[in-house]
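Participant: Sequence:
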Amino acid sequence: MTFRRVYHGWCIVLVAFVCHAVNTGLIFYAWSVFLTPLAAVFGGRGRVAGAYASMQLACAAYGIAIGRVVDRRGARPVEIAGAISLATGFLLLSRVRSLPGLYGCLAGPVALGSTCIGGLPNNAAVARWFVRKRGRALGFSTAGISAGGILFAPLAQFLIDRVGWRGAYALLGLTVAALVLPPVLAFMRRDPAELGLLPDGEPPPSSGNPGAGLAFFERERERSVRPQVAVREANFWLLAAAFGLTMAGLSSVLLYQIPLLRDRGMPADRAALVLGATAAMGVVGKLGFGALLDRFDQRRVAAACFSLQAAGVLLLWLGPTHSVPLLACYVVLYGYAMGGNATLQASLVGEAFGRLHYGAIAGRMAPLIVVAQAIGVPATGFVRDLTGRYDAALALVVAGALAATAIVLRVRLPSRLQEAPAST
19 MTFRRVYHGW
29 CIVLVAFVCH
39 AVNTGLIFYA
49 WSVFLTPLAA
59 VFGGRGRVAG
69 AYASMQLACA
79 AYGIAIGRVV
89 DRRGARPVEI
99 AGAISLATGF
109 LLLSRVRSLP
119 GLYGCLAGPV
129 ALGSTCIGGL
139 PNNAAVARWF
149 VRKRGRALGF
159 STAGISAGGI
169 LFAPLAQFLI
179 DRVGWRGAYA
189 LLGLTVAALV
199 LPPVLAFMRR
209 DPAELGLLPD
219 GEPPPSSGNP
229 GAGLAFFERE
239 RERSVRPQVA
249 VREANFWLLA
259 AAFGLTMAGL
269 SSVLLYQIPL
279 LRDRGMPADR
289 AALVLGATAA
299 MGVVGKLGFG
309 ALLDRFDQRR
319 VAAACFSLQA
329 AGVLLLWLGP
339 THSVPLLACY
349 VVLYGYAMGG
359 NATLQASLVG
369 EAFGRLHYGA
379 IAGRMAPLIV
389 VAQAIGVPAT
399 GFVRDLTGRY
409 DAALALVVAG
419 ALAATAIVLR
429 VRLPSRLQEA
439 PAST
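For the sequence shown, our numbering assigns the number 19 to the initial residue and increments by one for each residue that follows.
No lab work stands behind these hints, which were simulated from the structure alone.
Virtual Cβ for every residue (Gly too), placed ideally from N, Cα, C.
Please note that the accuracy of each hint is not assured.
[As the list claims (entries may be wrong)] DEER-style ranges, computed between Cβ atoms:
1. 407 to 184: 28 to 34 Å
2. 214 to 54: 50 to 56 Å
3. 180 to 430: 52 to 58 Å
4. 211 to 343: 31 to 37 Å
5. 119 to 430: 31 to 37 Å
6. 252 to 213: 35 to 41 Å
7. 250 to 95: 27 to 33 Å
8. 29 to 291: 29 to 35 Å
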């Protein structure tokens, strides 16, 4: 009996899953848990949200350079440096004593580390290893984003309750290094050619058809858009606008979900569980939307995702929090849509511009999306500080998701890359 060797691209997916889980779980989901104790120490949610916004802006700035490095040298060295930087940043956060120090830690080592182990290098790596199966591969890898929320939001709350927020940051810093470095060192590789493979695990061309693999790469090279050209295309700006609007909404809702629920009378541990349930639905959403992306028009899939996001936030805004059925509907609708967002963004960039310059193009798009997040997150905090409620901010999130639905349908996508000729 012979066994077919597992395509190494799925090992890349596994590494990306772990990196996504650690990065987003600690930087994004766990922040909602840390927000209340940090606000008590540093003078209000708006000020602390401003520190988070500074981190997002720094991530955008780092992303421009890191995208080029990923295209030239691959994700492996970038992610090794990122794990060390993020772990160091968390250890420094455990010692910070002033608001400027908080800003410095978040905008410095934390932002650099987050960018280096986040979506930019991991999505670029997966995009290089997969073409026809890219939607499914990205669905599996980005499921780590939601898995991180399931694990790290409750874990952060558990640690804060027992050792305080400073002790929690110190322990989580050590966790970053322990979870990220081993799989990156063991499995991450630049692209299939480094191991003599073709994307998607296609068999190498046989002697009867020696030009099959070369022809495949030549067709792919022809459809890959260079970064300098991409930024002059309407697709670039349409995608940046659509995902800027949706990601600003996602960041604002998720980062303030626990404080919002606590403002409405929900205990902290139960609010953290609701956030974990939302993240769990995100896993389902990533896998579901990943499968849809390989079968249907990606623009229409994105429009459906954004519409579900608007419906979910509408329930959170207008529905009574004490109603378990309505809260469950919010978790299902919003969690599913939230899960699809990251998968859609990564896949649409690859579909619109090709895989060869994915890192540089995504790196140039990131600042535009992050600027939207950097505006939305602190604005939500200041709205709460001024009015005592989140209603106006939630209304804007709904409007932004509906606007993104209309925008993404205007994107023009090329025909899918033809399959490599079968070996004979």
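Participant: Each hint needs a verdict: does it hold in this structure or not?
Facilitator: These are the hints, each one checked on the structure:
Checked against the hint of 28 to 34 Å, the pair residue 407 and residue 184 passes, with Cβ atoms roughly 31 Å apart. As the Cβ distance of residue 214 to residue 54 is approximately 52 Å, the hint placing it in 50 to 56 Å holds. For the pair residue 180 and residue 430, the beta carbons lie near 53 Å from each other, so the given range of 52 to 58 Å is met. Taken as a hint, the range 31 to 37 Å is violated for the pair residue 211 and residue 343, whose Cβ atoms sit roughly 53 Å apart.
Distance hint check for residue 119 and residue 430: the Cβ-Cβ separation is about 47 Å, which falls outside the suggested range of 31 to 37 Å. A hinted range of 35 to 41 Å holds for the C-beta pair residue 252 and residue 213, which are about 37 Å apart. One distance hint, 27 to 33 Å for the beta-carbon pair residue 250 and residue 95, holds here, with the actual separation near 31 Å. For the pair residue 29 and residue 291, the beta carbons lie near 33 Å from each other, so the given range of 29 to 35 Å is met.
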